[in-house]
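Please assemble the complex out of the two chains, which come individually in their own frames, going by the hints.
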Amino acid sequence: MSGLRIEEACKSFSARQILDRVTLDIADGSFAVVVGPSGCGKSTLLRTIAGLEPLDQGAIHLGARDITRLPPGQRDIAMVFQSYALYPHLTVRENMAFALRMRHEPANAIDRAVRQVAEMLDLADVIDRKPGQLSGGQRQRVAIGRAIVRKPAVFLFDEPLSNLDAGLRARVRLDFVTRHQQLRTTTLYVTHDQVEAMTMADTLIVMNQGRIEQIGTPSELYARPANLFVARFLGMPEMNLIAGTMIETRGGITNVMLPSGKTLAVPLTGAASGRGARLTLGIRPQDLIAHGNGAMRIDASVRLVERMGSRTNIHVVADGIGALVWQRQGDCAPEPGTPVQLSIDASALHLFGEDGSRLNTETLKEHA
Amino acid sequence: MIVPQRAAETRAGWLMSAPALAAIFLFFLVPAFASLFLSLTDFDIYALADLRNLRFIGLRNYADLLHNPLFWNAFLNSARYVLFGTPLVVGMSFAAALLINHRYLRWRPVWRVILFAPYVTTLVATAVVWRYLFNTEYGLVNWMLGWVALGPIDWLGSPTASTPAILLFVAWKTFGYNMIIFLAALQLVPRELDEAARLDGAGRIGRLRHVILPAVAPAFLLVTVLTIASMFQLFAEPYVMTEGGPAQSTVTILYFMYEEGFKWWNLGSGAAVAVLLFLCICAVTLVELLLVRRNLR
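First to last, the sequence lines map onto chains V and Y. Here the first sequence stands for residues 1159 to 1526, where the numbers follow the working numbering. Here the second sequence stands for residues 426 to 722, where the numbers follow the working numbering.
Please keep in mind that the hints were generated in silico from the structure rather than gathered at the bench. Take the hints with a grain of salt, since some may be wrong.
Derived CB-CB ranges, DEER-like [unchecked claim]:
| no. | chain 1 | residue 1 | chain 2 | residue 2 | range |
| --- | --- | --- | --- | --- | --- |
| 1 | V | 1229 | Y | 565 | 37 to 45 Å |
| 2 | Y | 430 | V | 1174 | 51 to 59 Å |
| 3 | Y | 643 | V | 1168 | 38 to 46 Å |
| 4 | V | 1265 | Y | 436 | 55 to 63 Å |
| 5 | Y | 565 | V | 1215 | 42 to 50 Å |
| 6 | V | 1321 | Y | 512 | 19 to 27 Å |
| 7 | V | 1178 | Y | 609 | 33 to 41 Å |
| 8 | Y | 630 | V | 1214 | 53 to 61 Å |
We put the CB at the ideal spot given by N, CA and C, even for glycine.
So that you can see chain Y by itself, here it is in the shape it has in the complex (with noise of 0.2 Å):
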């Protein structure tokens, strides 16, 4: 009987994937559903004491965002982060993916570990380090700057210089794992191919457009949605190399997040930019994947 087994089959897929959807729905659902929900009331250090104290006030929350400087500051930030971060990462990991990829290159698993290294490296830790690198007075980077009669730049101290000293922080951070992904499409890209362009007469920028770019194109578009979410959500590098400073100059949305719920403690206010967030996320990410969509078109 074919279809008591295909039930049966039906029952044991369910029952195997259960532990992994529990833990979805606790982890994750129940979390996203609960944030959307506290984004609708006042929820505050009050509510906290006696939760009688807690009132719906409907999209209150969102209105007084929406309304508020400080808000439009952090999310002007965040958006120079994405828009400049996200090309500077992305570049960063396909350029050393090629170059790990490259076929005559030696010692290759030492320059993976190596390049990979700054991802798996504490971030406070390392963003110490950097603070001193981008030290005005006796930081490397100012040094080498004088080397060609630049400088010296307040990095961390200036808002101009601060942004792009934190994205270059963040770049060093993350390309190493993008790096694998593009790394593991490359090496997916059948030898031959490359090969046979290099037959029809295809140089390395042909080969590179023709060849390589439309084989690693659903690499590009994962690292891409990935690296946009990831900028959209720093949080902890301007945390602990500026504060937020100079002069508001780092807040990210997170960052503001953080200060709306656990410095000033308006869990409400704070949960309704977590949605606002998601929400911006979301819309970027699915602009993305149309644009993406109509030119695979």
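Same shape as in the complex, but just chain V (with noise of 0.2 Å):
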């Protein structure tokens, strides 16, 4: 059982607080991503998991062992670098093979497993090469493939990809999620990529300013984000926000106001706040309805249109209500200035009271 637990994790440079009270439960087994902006603490919290950092405050449980205070080489976890940090003047077999080293195993045994692995790993070819011979991608598969062959009980990935092209990033990510598949070992992930986070988690987990923000499946994120942080940073294009006037609550359904003037029937039930509280309104740019017959029509005139091949990112502005994003599929490019009628399909909206939370609770509308 190699379950990771932290506890109430706090972590402090100077006089800022990078983690605060951070509590998280990782399952066994599964692959767990953190998400969040550039300082948000993630990377703060891979090290502190490592042992890179020692906790101001907390606890951090490996199994049924607390390792807060042991040393990074007793704690039983492997970590891949950003940078990769091979080290230089070592083959790729001796890159792999220093941590079996270290441990005095018999050289036989050390051989045998980094042969395993380097032949999992394709790099079988390149073995005796030092790692400045090696292409980016393959020195990224001896960091992993040093990881592996110690055989830890969690893997720590720190932004492993984001020094390889678009392309490559797309192959080794499934490559990651297909080893994951075959090992099985609990994986702490840290990213600051969303399609990375979405496409490869088992357990989302999304950080700002050394605060979890929200933890669950991808798709649970995406379609009922906690507050007005995870629903802007979750989704590409952002959701568009709209300011409106809670006007009344009757019968599960709220009438919003809206700078427009106009008045939209949301359905909500519990709802906290009271007449005349300010609430913001998210919708999806691909939940706008071209001609539609959704709860609220909006004129709108298209400013710039971005083509992506499959679909089709169309910036308007709408009347009383200001920017929006619209997401059409296919290739379609109306002329900047065209007038357009979109609607808001009302089931498709979430909602967040003033200080950000979410207010819906019922189910939304499934997202394709």
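And the structure:
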């Protein structure tokens, strides 16, 4: 059993709080991804788990073991760094064998383990080369191989794909998922790339300013963001946010007045805010409907078009609302200045209160 | 047209490096070849007075030197400085650089300045201070040795203690410069390498041996070559502290060359010493480079 549990972890550098009472449970064998903007504390979280930074407060448990005060080498944790941190004077074979040599394992056992991992990662042909003679992708695989060969209880990955070009990154992403399905080792993966986060994670953890904003499966977080930060952070293009004012709640329906003066009926139960409370309505770009018969019609004009091939992002300016992004399937390119009529499907609306936390609790429209 | 452009670039390159090349030619190559020429003559005080007294004597200066016990004494003294002084200076410099580079060290710039300061202080002034420190009756060194019931030692008056005394002074005076070279090399070692080794279970010694030392090996080679060359060329330190004594025990090759050339005005013989010293430093450096290259393979 090697699930990872972090309890009330706090870490600060000088006066700056980097981790603020972080509590986290990562199930044995799962692939958890921590995502957040630069400086949110995600790498520090990884480093404290690895033992490279001591915690100011809190505890870290690996299975039944309390590893909070153990030195990095005794935690049974392997880490792949963003820069890969390969020993430049050692060959691929020696890099992968290093941890086993430090454990004084027998030479033939080390050789067997290294060969096995090198073959698994297609590194057998370059096993006697030094890191300087390898491509970026090969170096990255050596770094992973160095972690795998130790057979640790937990893998930590600190943005390991960020130095690769886009095409290679997509391939390696799939490779990561495949390897994890083979090994089933508990993995904590840090990235600022939401595509990596959404596609790889069993469990997605969104961090901001040293705190965990939300934990769940990627689809849960995407469909039901707990607050405005998560709503804006996940999804590309970003969720459209529209300011509104609550008029009344009756029979599970809340009437919200938009800046344009129009009202919108939103299915909402258990709203804590009263009449006059400021709200934020969120609608994903693909949930705006063209010429639809939704709850509210919006008159807008096209400002800018981003053609992505399989879909098109159309930036519009809506009357009384402001800038919105509308996403359509397929390739279409209305001319800038073209008037368009959009409508909002109320079942796809996300509603956030004055403090930014989510208000609607019912099941929302399922996203394709 | 590619060829004329390359020719123009080549010409510009030569023009830009010409001032530096001229300076090297005038201040290094000309004196070096002049020394080589002088070493083949009997250039002395009579030749200084009238160049017609200058005679070409072939390798006689070299033959005389190789039969001169004072030269061999100076050579052995210098070899002793190289043998014991180089590891002492390199070790001290590297240890100081490791301490200064420690991530938890506070007031790092202050420590850096304090440890580098001896290198930029005036040699003669500091040598006089160290003479007081080594004073047999009132010196701080003997006073401290007294705490552990040792001494007193006649540091600068005894043939056996004078070499260690001068070596200590030389090490104190020069380690700051090498420390800066090591520090620059250490700061280039990515922190992740050390961290990866910690995660791989390497202890302090393991990390030093397997991560830090290989990464700073080029700096080690540079510092060792520079230190060997400077140890072979020790002059001012024994000149100020012991004047070569007692009993010629601190006369170095350079000191011997100075005496030959400027005390006894045997400038031809002095030039021959300089050429032999040059060959000696070249030979040691080449051997060191060959050893390092073989180890790297």
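Status of each hint after checking the structure:
{"no.": "1", "hint": "V/1229 x Y/565: 37 to 45 Å", "verdict": "holds (41 Å)"}
{"no.": "2", "hint": "Y/430 x V/1174: 51 to 59 Å", "verdict": "holds (55 Å)"}
{"no.": "3", "hint": "Y/643 x V/1168: 38 to 46 Å", "verdict": "holds (42 Å)"}
{"no.": "4", "hint": "V/1265 x Y/436: 55 to 63 Å", "verdict": "holds (60 Å)"}
{"no.": "5", "hint": "Y/565 x V/1215: 42 to 50 Å", "verdict": "holds (48 Å)"}
{"no.": "6", "hint": "V/1321 x Y/512: 19 to 27 Å", "verdict": "violated (41 Å)"}
{"no.": "7", "hint": "V/1178 x Y/609: 33 to 41 Å", "verdict": "holds (38 Å)"}
{"no.": "8", "hint": "Y/630 x V/1214: 53 to 61 Å", "verdict": "violated (29 Å)"}
In this structure, the hints that do not hold are numbers 6, 8, in rising order.
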